[in-house]
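Asker: Build the full structure now, drawing on both the sequences and the hints.
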Amino acid sequence: MAIPTLPLAFIGWFFAVVCFAALAVGTLLLQQLFRSGKIPAEYLQSRIIGDFALLLVWLIGLVSAFALLNDYAWGRIGLEYFCWVLIALTLLSGGTRLLAYRQQPPEYRLTPRAWVTAFAGATLVALPLIAICAVSINTLRGGAMQ
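This note's numbering numbers the first residue of the sequence shown as 82 and each following residue consecutively.
These are calculated hints, taken from the structure and not from any lab test.
A quick note: this is a predicted structure, and the numbers were derived from the prediction, not measured.
Please note that a few of the clues may not be correct.
Label pairs and their calculated CB-CB ranges [as the list claims (entries may be wrong)]:
no., residue 1, residue 2, range
1, LEU150, TYR189, 43 to 53 Å
2, LEU208, GLU188, 11 to 21 Å
3, GLY107, LEU150, 19 to 29 Å
4, GLY107, PRO187, 32 to 42 Å
5, GLU123, ARG190, 22 to 32 Å
6, GLU123, ARG222, 22 to 32 Å
7, PHE91, LEU208, 15 to 25 Å
Glycine included, C-beta positions come from ideal geometry on N, C-alpha and C.
Answerer: Quick look at the structure:
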């Protein structure tokens, strides 16, 4: 079974729009939380660097998408790197969330039915993202994974 490919223009525009939306929403959320004073000092000390690193990853995706659309050679490499990082972050995020549910105190633990719902929710987000990234990586490599 061969892995399908997509047109480079579709890949470029898809990731440009998605990255721009993620940057806009992330920046607005951080700005609103910061202005309202709802970010605890512990968060600022421990997690803010991670959030800015995540915004940097989305910025790399945006710049690489526009580079691909403008036929710069490094656009393919940058977008492939972005896709690999997005796959890793998606899997880590879903795993971390499920692990956090598992480590809840006994009175807050999820029922078996809630576990199925939590796993299905994580899977419904992760699978399409991983699929589009895998097809994009295959296309960006010139269909070399077939």
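Asker: A range of 32 to 42 Å was offered for this pair. Does it hold for the Cβ distance of GLY107 and PRO187?
Answerer: 35 Å, holds
Asker: In this structure, is the beta-carbon distance linking GLY107 and LEU150 contained in 19 to 29 Å?
Answerer: Hint holds: Cβ distance 22 Å, inside 19 to 29 Å.
Asker: Does 43 to 53 Å hold as the CB distance between LEU150 and TYR189, or does it fail?
Answerer: Since LEU150 and TYR189 have Cβ atoms about 47 Å apart, the given range 43 to 53 Å holds.
Asker: Check the following: the C-beta atoms of LEU208 and GLU188 are separated by a distance inside 11 to 21 Å.
Answerer: 32 Å, violated
Asker: Against the range 15 to 25 Å, how does the distance between the Cβ atoms of PHE91 and LEU208 compare: consistent or not?
Answerer: 19 Å, holds
Asker: Evaluate the given range 22 to 32 Å for the C-beta pair formed by GLU123 and ARG190.
Answerer: Hint holds: Cβ distance 25 Å, inside 22 to 32 Å.
Asker: With respect to the beta-carbon atoms only, verify the hint that GLU123 and ARG222 lie 22 to 32 Å apart.
Answerer: 43 Å, violated
Against the hints set out earlier in the document, violations occur for numbers 2, 6.
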